[in-house]
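Chains as they are written, first to last, in my numbering: chain S, 1 to 275; chain F, 276 to 550; chain H, 551 to 825.
Please note: incorrect hints may appear among the correct ones.
What the hints assert, rightly or not - With a Cα cut of at most 20 Å, we get these calculated SDA-like pairs of lysine to any residue: (1) S:K21 - H:L748; (2) S:K121 - S:G137; (3) S:K87 - S:A58; (4) F:K362 - S:G107; (5) S:K21 - H:R747; (6) F:K362 - F:I329; (7) F:K296 - S:K121; (8) S:K271 - S:R13; (9) H:K821 - H:Q794; (10) F:K296 - S:L198; (11) S:K121 - S:A194; (12) F:K296 - F:E493; (13) H:K571 - F:A469; (14) H:K734 - H:F717; (15) H:K637 - F:G382; (16) F:K296 - S:N110; (17) S:K121 - S:V161; (18) H:K571 - F:L473; (19) S:K166 - S:N110; (20) F:K296 - F:S337; (21) H:K821 - H:E689; (22) S:K21 - H:R819; (23) H:K571 - F:K441; (24) H:K708 - H:E689; (25) H:K708 - H:L748; (26) S:K158 - S:R275; (27) H:K637 - H:R665; (28) S:K158 - S:A176; (29) F:K441 - F:S386; (30) H:K671 - H:D705; (31) S:K87 - H:V727.
As the list claims (entries may be wrong) - Under 7 Å between C-beta atoms, here's a sample of chain H residues computed to sit facing chain S: (32) S612; (33) L624; (34) N625; (35) N660; (36) S661; (37) A664; (38) I666; (39) T750.
Honestly, the hints are just simulated from the structure, not real lab data.
The model shown is predicted, which means the values in this text are computed figures rather than measured ones.
Glycine is no exception: its CB is placed at the ideal position from the N, C-alpha and C atoms.
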Amino acid sequence: MNTKTDIAENICRLCEVVREKCPLVHCITNYVTVNDVANVILAVGASPIMADDINEAADIASIASALVLNMGTLNSRTVESMIAAGKAANAADIPVVFDPVGAGASGLRNSTAARIMENVKVSVLRGNLSEMSFMAGLEVSTKGVDSSDKDKNNDPEKVAVSAAEKFGCVAAITGAVDCISDGKRIVRIENGSAMLRLVTGTGCMTTGIIGGFAGAAEDMLTAACAGISAMGIAGEIAYERAGQSGTGSYRVAVIDALSRLDPAIISERIKIYER
Amino acid sequence: MNTKTDIAENICRLCEVVREKCPLVHCITNYVTVNDVANVILAVGASPIMADDINEAADIASIASALVLNMGTLNSRTVESMIAAGKAANAADIPVVFDPVGAGASGLRNSTAARIMENVKVSVLRGNLSEMSFMAGLEVSTKGVDSSDKDKNNDPEKVAVSAAEKFGCVAAITGAVDCISDGKRIVRIENGSAMLRLVTGTGCMTTGIIGGFAGAAEDMLTAACAGISAMGIAGEIAYERAGQSGTGSYRVAVIDALSRLDPAIISERIKIYER
Amino acid sequence: MNTKTDIAENICRLCEVVREKCPLVHCITNYVTVNDVANVILAVGASPIMADDINEAADIASIASALVLNMGTLNSRTVESMIAAGKAANAADIPVVFDPVGAGASGLRNSTAARIMENVKVSVLRGNLSEMSFMAGLEVSTKGVDSSDKDKNNDPEKVAVSAAEKFGCVAAITGAVDCISDGKRIVRIENGSAMLRLVTGTGCMTTGIIGGFAGAAEDMLTAACAGISAMGIAGEIAYERAGQSGTGSYRVAVIDALSRLDPAIISERIKIYER
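Here chain S stands alone, though its shape is the one from the complex:
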């Protein structure tokens, strides 16, 4: 039933296209992981710009090739900027990638996530199983910004399809197994390393990379799968090189691997299946 999909080939091609086009990726993201997000966007060949003031958010979005919204350290000032930038991105017809960090964990996060989805047409929604279950409208038990064990009863494939259908976007759930859907197609990616969870912001970085690929792609399912498989493969390579050294070296090795990623490496390592 599960067969390696031709998405793999499209990802390899996109990996080259993003380095040629060097799309500008406007990020309104959190201050915890923003530096790593900028560095991984550069590592895959795109160009990051972080700008969150309401007086320039729309201007910057309109010159960018993709917009990334991340509510990791949500605050009332930047929520308005996210919405203004999102509307400008929609008007300019550039993709919006949204990471609803901690959705389900506080009233503010829940209402903000809802406001963004109501006001902005999102192209790719990426989160962990708890966050995406919440977004899809299912019962959740979020503990902070990490996925809750209790939510393991939710089937990632069903959650991805539900969220995709609900919002008319590509929905991507990352975790032990990654599951991506546009509502019709369902893709699973089995790359990655458990060590990725021991570095803060690997989820945010994945979202940032998806933004980079989205800025150079025509198909958003491919962009989402490219970003997620790139991070998974980089996580594996980094584990082989630095897993024994500790989490500090591992994080450096993840960025190293992303910066050296090419079609040959992806083609050899990618474990992607569609059904």
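With the hints as your guide, set chains F and H onto chain S.
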């Protein structure tokens, strides 16, 4: 007079307990060192969440196992969040660890530190000798966020005891020699490396780690000593591995060492004395 | 025509003086690269303090030896702090180093850069060719925060001289070739590595280091050249050591090299020319 205390044993045990419990640590901290703080909290086995908006600070604190407040890049918006989160933490009976960065260096920092101590019951107060001398009500000559040479005339043991008595908390002074007191007991830790001062945020990281241990501990003196000795030992190991390479590699090696810390390493290296 | 200038000797001396004096450098900078900026300031021997609240910006500036302003993640709150700190720095007669990140890219950035130059006497203005062309009043085509290819038609020497004359300060343009002028003298520095552009914030770091040197220097042209050549040389050394590993290791190696920089290394590697 000085004998290795049984705190060493308790620290070894706590080092394992924190990895089993994986306590959620809510941090309202500065944007300079926040990424390193998150990564060291993960490295010792706890789970960080950074949330500083007034509309969710109390919500997040009430689901956490410990709260860390750090006034490194103080601003009027987050001060209110710190107090709201602190009160919620007190109500939920979870420990609050406070790092009064730069206390003594500006009127804003001085008044904010005072406001926090008046409104929030703090479990552990950690700072350098200048900051802690100021907090204890002694004469100080702070130069920025680093300890002033002039304050070397203050005896760290006396400062720690004074601050502990004044606030009814565990007071921890870190520097060439670390001194921790709950007002009755006085503990000295002699681990560490001079190179730690050449990396920004090693103080903030120590406070973050104390938060991780506090979230899994019953005794706050043990939690403070665990966090401080962990950072000291990691600083020594990092110096042996990367001291000659430079401060960039050294910082990575500190995080590596924290992520690989276990009771055997602590037991072998810890230099802790009580009198 | 081009001869190695005696600025090289002055830079070597300044490299030692900054480690002796350990000047306090007050930075109001962006949250993307702030941690790296703090770490490189420490690496060259100065002491960073980040403080951006309007209620302490002037207080902190007045105890510092240099002030660094960087508008990378501009927001309405910190713009007022930048101006207040700038005025306090002018009153205390300490140098102000300004990095007009993204000038030309949005109305907010353009008007803020103009406001700062009108209200604050800047000692060193550093940017890429697009930003500095905009500051000098020339036609530009900025794309985000990176220099635009279209602006390559502007001659860096002319832009540096124009900006220096317009503002009566040292103007420094960094890029493939660095060009620094105080309006009379023109200096070119040919150190560096193309890989520096693949790490976010190497421009901000250069500005931060200039702040460190400015806090210990008498002559601002020397301070600017010291900061720029230090980063260029560190970029070369890092490329030799970690260029093949990837951009994560490269970034660590840049900070390593800065922390180990000494007059012998500078003297051997510096490529600086005056005409």
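Evaluation of the provided hints:
1. S:K21 - H:L748: holds, 15 Å
2. S:K121 - S:G137: holds, 18 Å
3. S:K87 - S:A58: holds, 8 Å
4. F:K362 - S:G107: holds, 18 Å
5. S:K21 - H:R747: Holds, at roughly 16 Å.
6. F:K362 - F:I329: holds, 12 Å
7. F:K296 - S:K121: violated, 40 Å
8. S:K271 - S:R13: Given that 20 Å is the threshold and the Cα spacing comes to 16 Å, the pair holds.
9. H:K821 - H:Q794: violated, 24 Å
10. F:K296 - S:L198: holds, 15 Å
11. S:K121 - S:A194: violated, 33 Å
12. F:K296 - F:E493: holds, 13 Å
13. H:K571 - F:A469: Satisfied, since the Cα-Cα distance of roughly 18 Å is no more than 20 Å.
14. H:K734 - H:F717: holds, 13 Å
15. H:K637 - F:G382: holds, 18 Å
16. F:K296 - S:N110: violated, 27 Å
17. S:K121 - S:V161: holds, 17 Å
18. H:K571 - F:L473: Satisfied, since the Cα-Cα distance of roughly 15 Å is no more than 20 Å.
19. S:K166 - S:N110: holds, 16 Å
20. F:K296 - F:S337: It holds: about 17 Å lies between the C-alpha atoms, which stays within 20 Å.
21. H:K821 - H:E689: Status violated; Cα separation ~30 Å.
22. S:K21 - H:R819: violated, 35 Å
23. H:K571 - F:K441: Between K571 of chain H and K441 of chain F the Cα gap is close to 36 Å, so the pair fails against 20 Å, i.e. violated.
24. H:K708 - H:E689: holds, 13 Å
25. H:K708 - H:L748: violated, 27 Å
26. S:K158 - S:R275: Between K158 of chain S and R275 of chain S the Cα gap is close to 13 Å, so the pair holds against 20 Å.
27. H:K637 - H:R665: Answer holds: K637 of chain H to R665 of chain H is near 12 Å, not above 20 Å.
28. S:K158 - S:A176: holds, 16 Å
29. F:K441 - F:S386: Since the Cα atoms of K441 of chain F and S386 of chain F sit roughly 17 Å apart, the hinted pair holds (cutoff 20 Å).
30. H:K671 - H:D705: violated, 25 Å
31. S:K87 - H:V727: violated, 39 Å
32. S612: Cβ of S612 of chain H sits 27 Å from chain S, so the hint is violated.
33. L624: holds, 6 Å
34. N625: Since chain S brings a Cβ to about 4 Å from N625 of chain H, closer than 7 Å, the hint holds.
35. N660: Given a least distance of 10 Å, the restraint on N660 of chain H is violated.
36. S661: This hint is violated: S661 of chain H lies away from chain S, its Cβ roughly 9 Å from the closest one there, beyond 7 Å.
37. A664: violated, 14 Å
38. I666: violated, 15 Å
39. T750: holds, 4 Å
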